[in-house]
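Input sequences plus hints: build the corresponding full structure.
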Amino acid sequence: MAFLLWYTQRPPTMGGDFKLNHNGKTWQFSENAKKLNLLYVGYAKCPDVCPMALSYSAQAFKQLTDKERENVQLIFISVDAENDTAESVSVYAHQFNPEFIGLTGTTAEIDAAIKPFGASYIVEKDPKSYLGYSISHTDRVFFLNKKGIVVDSIQSPRSADEITTKIKENL
Amino acid sequence: MKAIVLAALTAALSPVAFAAKSPVTISDARIFAPIKGTNATAGYGVITNTTDKEVTVTVERIEPFKAVEMHETVEKDGRMAMQKVEKLTIPAKKSAELKPGGNHIMLFDPTREVKADETLKVSLKVNGKVESFDFKVIPRVETKKEEHHHHH
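If you're matching them up, the sequences are chains P and E in order. Sequential numbering of the first sequence, starting at 1, is according to the numbering used here. Sequential numbering of the second sequence, starting at 172, is according to the numbering used here.
Watch out, some of these pointers could steer you wrong.
Simulated restraints, written as ranges between beta carbons of each label pair [as the list claims (entries may be wrong)]:
#1 N23/P with K264/E: 45 to 55 Å
#2 S303/E with G118/P: 25 to 35 Å
#3 A112/P with V245/E: 22 to 32 Å
#4 N23/P with A263/E: 45 to 55 Å
Which stretches of chain E does chain P cover? Using the computed rule of at least three CB atoms under 8 Å from a CB of chain P, they are [unchecked claim]:
#5 200-207
#6 210-222
One-sided excerpt, in silico: chain E residues whose CB lies under 7 Å from chain P [as the list claims (entries may be wrong)]:
#7 M241
#8 T244
#9 R250
#10 M251
#11 A252
#12 K255
#13 V256
#14 K258
#15 T260
#16 P271
#17 R311
#18 V312
Hints in this document: simulated from the structure, not taken from any laboratory. Everything numeric in this text was worked out from a predicted model, so none of it was measured. Glycine included, each C-beta is placed from N, C-alpha and C at the ideal position.
What follows is the structure, given as structure tokens:
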């Protein structure tokens with residue numbers, strides 16, 4: 001009875017292992033996981049929410065102790081399969097912090113990787129815009145444990161301090 | 172003679188003296204330095220309408236970028252989306268803030284390297300008239316200068 005109660009009332013488990021392309025090579029989460037892993041889903045040509053989330057995260061990493069920083073990494077998944085290459089996403093993420101990992105893949109690989117986290121995106125044609133398209137996407141920093149399970153998250157991160165606090169809480 | 176000099180001075184100064192003052196002021200005007208791996212960056216600031224009439228503002232040109240647009244970040248079905256904003260309408264004595272997660276200027280494809288600490292001339296059309304405003308280029312990631320500790 002107690003088991004049944006626990007089973008029916010347990011929080012949903014999100015996340016898991018995934019693999020994508022990092023700089024031309026396969027990158028498997030389970031082979032590279034740290035104690036705490038931040039995950040953000042976006043695209044490199046996003047001018048507003050993605051670079052803000054990444055720069056707030058980079059500032060947060062600077063506020064950690066060396067010991068804390070050893071146990072945490074940030075993974076940026078670009079969902080722009082058509083315009084971002086594995087190399088360009090890696091370079092992009094790296095500039096915010098040398099420890100940030102930029103990944104991408106084919107549409108099928110990206111979809112398979114982000115689905116377990118409840119993240120989603122829609123590519124929308126925008127002929128009036130110079131880019132010709134925009135991508136609406138989940139704006140959330142997920143905090144994953146070593147197994148890739150979501151232990152916490154921040155919707156639309158708007159400050160470095162908020163991210164620092166969550167990292168320290170979950171380390 | 173004095174009268175002639177005075178007349179000449181007045182004529183020379185008059186375009187300045189009687190130039191129409193811009194209906195808007197901009198504070199905290201900033202553009203993030205472009206980074207590798209993307210061709211897009213963003214600009215923000217607070218545009219204040221100092222007049223007692225509504226003003227419209229559109230973004231025209233920012234050298235050395237090939238294209239500039241005003242966009243708005245909006246939440247659609249739990250996702251963040253962007254939509255183009257044709258013009259900003261600012262009511263009398265009010266401000267419009269261009270900020271992360273809201274209205275912002277998008278800048279695409281710089282034709283030369285744009286570095287932090289540069290000042291860029293931003294052409295805005297205010298009530299149909301093109302005016303130039305200074306925007307400061309700032310780094311994407313704050314690079315705090317290392318503190319120097321002197322050991323004795």
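Checking each numbered hint in turn, tell me which of them this model violates, lowest number first. Numbers 2, 7, 13, 14, 15, in rising order.
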